[in-house]
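Peer 1: Protein sequence lines, in the order shown, are assigned to chains A and B. Reading the first sequence from the start, the letters are residues 1 to 680 in our numbering. Reading the second sequence from the start, the letters are residues 1001 to 1222 in our numbering.
If you are wondering where the hints come from, they were derived from the structure by calculation, not from laboratory data. A hint or two may mislead.
[What the hints assert, rightly or not] Computed far set for chain A versus chain B, every beta-carbon distance over 10 Å:
no., residue
1, Gln62
2, Leu145
3, Leu442
4, Val474
5, Ile486
6, Asn612
7, Gly659
8, Phe669
[As the list claims (entries may be wrong)] Take a look, some chain A residues computed to stay more than 12 Å from chain B by CB distance:
no., residue
9, Arg115
10, Gln658
11, Arg660
[Stated by the list, open to error] Quick list of the computed label-pair ranges, beta carbon to beta carbon:
no., chain 1, residue 1, chain 2, residue 2, range
12, A, Tyr667, B, Met1101, 17 to 27 Å
13, B, Leu1190, A, Glu210, 21 to 31 Å
14, B, Phe1199, A, Leu656, 31 to 41 Å
15, B, Phe1199, A, Ile64, 41 to 51 Å
16, A, Leu628, B, Phe1199, 26 to 36 Å
17, B, Leu1179, A, Ile64, 28 to 38 Å
18, A, Asp158, B, Tyr1078, 40 to 50 Å
19, B, Phe1199, A, Val161, 27 to 37 Å
20, B, Leu1123, A, Val176, 22 to 32 Å
21, A, Arg651, B, Ser1124, 23 to 33 Å
22, B, Asp1003, A, Asp71, 37 to 47 Å
23, B, Ile1198, A, Leu676, 50 to 60 Å
For each residue, glycine too, the CB sits at the ideal point set by N, CA and C.
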Amino acid sequence: MMDPLNLAGSAIFLLLGMAVLALLLGRRQRLLVVVSFAVSAVASLSATVAGVRVVGWSTTSQAIMSIGLPDLPFHLRLDPLAGFFITVVGILSFVVSIYSIGYVREISKQRPISRLVIFYALFLAGMFMVIIADDALFFLISWELMAAASYFLVLFEDERVENRRAAFLYMVVAHVGALAILLSFGVMSGLATGFEGFHGYTFDAMRQAEFPAVWATAAFLLAFFGFAAKAGVIPLHIWLPEAHPVAPSNISALMSGVMLKTAIYGIVRVTFDLIGVFPWWWGSIVLVFGLISAVMGVLYALMQHDLKRLLAYHSVENIGIILIGIGLSMIFRSFDFPLLSSLALIAGLYHTLNHAIFKGLLFMGAGAVLHASHERNMEEMGGLIHLMPWTAALFLVGSVSIAGLPPFNGFVSEWLTFQAFLLSPSLPSPLMKLLIPLGAALLALTAALAAACFVKAFGVTFLGHWRGHHQPHVQEVDWFMRSGMIIAALLCLALGVLPTVVIDWMDTVPEQLVGSRIGTTAGAFGWMWLTPVAPERASYSGPLVFLVTLSVIVIAYLLLHVRSGSITRVPLWDCGFEKVTPRMQYTATAFAMPIRRIFGFFFHIREQVKMNPQAPHRTVPGRMQYTLRIRDRFWGWLYRPLVDASFWLSRRVGRLQQGRIQAYLIYSFVTIIVLLLFLR
Amino acid sequence: MMDLQIASQISSFLAALVLLTAFGMLVQKRVYGLIHLFAWQGLFLSLNTAVVGFVANKHHLYISSVLTLSLKVVLLPYILHVLINRLKIRKEVETVVNIPMTMMIGIALVIFSYHLTAPIRQLSTLITRSTLAVALATVMLGLLMMITRRHAVTQIIGFLALENGLFFAATSATYGMPLVVELGVALDVLIAAFIFGIFFFHIHTTFDSLDVEQMAKLKEEN
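Kindly generate the complete structure, drawing on both the sequences and the hints.
Peer 2: Structure, rendered in structure tokens:
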């Protein structure tokens, strides 16, 4: 048996080697697709095995690789926390790699795909490296590798202006974030060694150091800002709804499913592990931003008609839910409630795993729809359930999971988050006793809105009739894409039905970070019943709910289908109006209208109804034109002024640029003379 | 002890010659003349390095002396020669500022360097301490040359002269840098010269001239 760290390391080398091999195989595109994604799947699977074992056995293995800069070797470490995230990344990468064999093969018929393959492998390698890095240098190098590779992946179809703009925006936000992370590590490593040696750059040195409160706060705020930019926490989310829709769908699945999770990993690593001791208000910052992201994310998602954009906003929402769990855990920990803290942490991490899988599934489903119908706007779709039954069923599984309905996995983690919320009255401060349960109400609102949103997404896309002008030739996707989605759907089900097994497995992570585990109480009544704190408080039995749901479905099916001829298809009753067309179906805009009215102040809405001027009378308008534009308010509030200011400043600075070499030389000459004169 | 005295004198004399060639380059109008002056400067530098190596009993300085000789006296002037022949540059070098004015600025810079290094000369115990001011002046004169000339080839000669000054400063301030660093720097200079050469060809083909003023056209309008 290989040591888990070796196993993960060889997975990374396999991926890096694949990137090199892809350069050589550039001429044989069809072969390249099969080989590279098969290799990626194997690498991801072995990384997953490594991660599962590390978490299960609660081992920690370390290694030092003396490559990189002289005297600054790379440190690697695989502890339960890293193992958990390796598992999350590995599982989804495995599924998406299988899906990609089919998906990218279709793309390769239209354009060369070497670039996609190379950056895909580098992207996966970067994510694994970020997680096993145990020093600031290696972490940042991996982080940048991941960011750069994903930038090129977003830019894959670079002939469209929209894509270049989205990729640029993503790059800017990613780099501002990376800068903040760099500064945060700088503060910590400087304090760890007193700004004298370089050896504070290892995470071990940071773990052992005790930071003064002010500097610890600075390091935390910088790190939180930097990771939040990557995770897409509101108001730093603007790149997400731009970049996800334009990337190829397998990439969107990975970016949304697991790349955002590396930022969650970073937040957990820095706060719980590296800094270690923190005041309660750090947790409340994380909690508040989590709540804002959850509620606003889902509200924005409801307004979208582009299927992938909608999913991107849901990533903002789900990152919010994850941060709620982590924020609660931080609050409980600073008040010294290890059991509650580990419950909240488990809730957050469980949702991390769940979101990776169901969001991956949904993006893969969206990719299948996109690929088959060449349409992104769901107002133009409809009735796809008849043409793509597999995709429809699998997308439905994803929708039910993300909406947080039992027996699928979304329910379990959101339920655990609620349990954590409802235990907050045990906190000592009366103010928090009052305020934190309000957060639970917001979380409930989020869950309900998410359900509404996926009723809309699924209903408008798959049900009814095709709304577009001319129906395209739509076909079900091939077996590679289907099997990728099937595995993800089965995982959604398994994680929802057997939460006790999963929690028992991942219990070592809170044990490492907060020193307590919930397995003893959560699994006290065997694998059937999940009882997070005490059975008289709350309990949930995944298997039981699953069996009941299944039997209801089976009975309903039998009742409907057992007698042949009990279902007859007849023309739609048109209320006596004879010209019913598919355009008259319920639309996505109409579905979202009540919510748009209620929460209108969150959006920048421009709604116009244009009547036909030649109409004989107002009551007989003949033709009407309705336009609706909904925009994020944050762009106007926060980013527009920032962009304007930076353009103004660069125009000013631009005057220095004369275009003459002599002028530039004089600048440096004068600078040298002045420095020599005044600072000697 | 007599030996040391004489060696120190020789070193100072060579330093003076380096400074003289630097001024010579400032006023020289012909490109060939400039290259010859540059080669002379390299020769004086190399001799000075060898003398310092002898005095201070540092053997690695001999290596850098040989390196300087081969690189700055033979190889780089040869490359520049080839370049000029290929590009058929015959005409005189035009300057931005007139020559007497340049000389005046140069003299001011030398005085300034002496003023700057005065405290170091009192602190230092090395025999080469008096040449530090010359080294600094050579750096500044190289930079001045880059500023006042418009021709691309003179720009690179100015740059190389500046590098000569840096090397000289290293020798006179601390008896030279570690050999590894020196080898690295020598390689850098060589590569820089090659890159400059390639750029010259491109500039020449694009603008049909090597006047760097032409490059102001590259600036975007705003």
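Peer 1: Could you run down the list of hints and mark each one as holding or not?
Peer 2: Hint check:
1. Gln62: holds, 33 Å
2. Leu145: holds, 28 Å
3. Leu442: holds, 48 Å
4. Val474: At about 48 Å from chain B, A:Val474 clears the 10 Å cut-off, so the statement holds.
5. Ile486: holds, 54 Å
6. Asn612: Holds: least Cβ distance 46 Å, greater than 10 Å.
7. Gly659: Violated, since 3 Å does not exceed 10 Å.
8. Phe669: violated, 5 Å
9. Arg115: holds, 29 Å
10. Gln658: violated, 7 Å
11. Arg660: A:Arg660 is in fact no farther than 12 Å from some Cβ atom of chain B, at 5 Å.
12. A:Tyr667 - B:Met1101: 17 to 27 Å: holds, 20 Å
13. B:Leu1190 - A:Glu210: 21 to 31 Å: Because 51 Å falls outside the window, the suggested range is violated.
14. B:Phe1199 - A:Leu656: 31 to 41 Å: Roughly 23 Å apart at Cβ, these two residues miss the hinted range, so it is violated.
15. B:Phe1199 - A:Ile64: 41 to 51 Å: holds, 43 Å
16. A:Leu628 - B:Phe1199: 26 to 36 Å: About 55 Å separates the Cβ atoms of A:Leu628 and B:Phe1199, which means 26 to 36 Å is violated.
17. B:Leu1179 - A:Ile64: 28 to 38 Å: For A:Ile64 against B:Leu1179, whose Cβ atoms are near 30 Å apart, the range 28 to 38 Å holds.
18. A:Asp158 - B:Tyr1078: 40 to 50 Å: holds, 45 Å
19. B:Phe1199 - A:Val161: 27 to 37 Å: holds, 33 Å
20. B:Leu1123 - A:Val176: 22 to 32 Å: violated, 46 Å
21. A:Arg651 - B:Ser1124: 23 to 33 Å: Check failed, 49 Å falls outside 23 to 33 Å.
22. B:Asp1003 - A:Asp71: 37 to 47 Å: The hint (37 to 47 Å, Cβ to Cβ) holds, given that B:Asp1003 and A:Asp71 are roughly 42 Å apart.
23. B:Ile1198 - A:Leu676: 50 to 60 Å: violated, 34 Å
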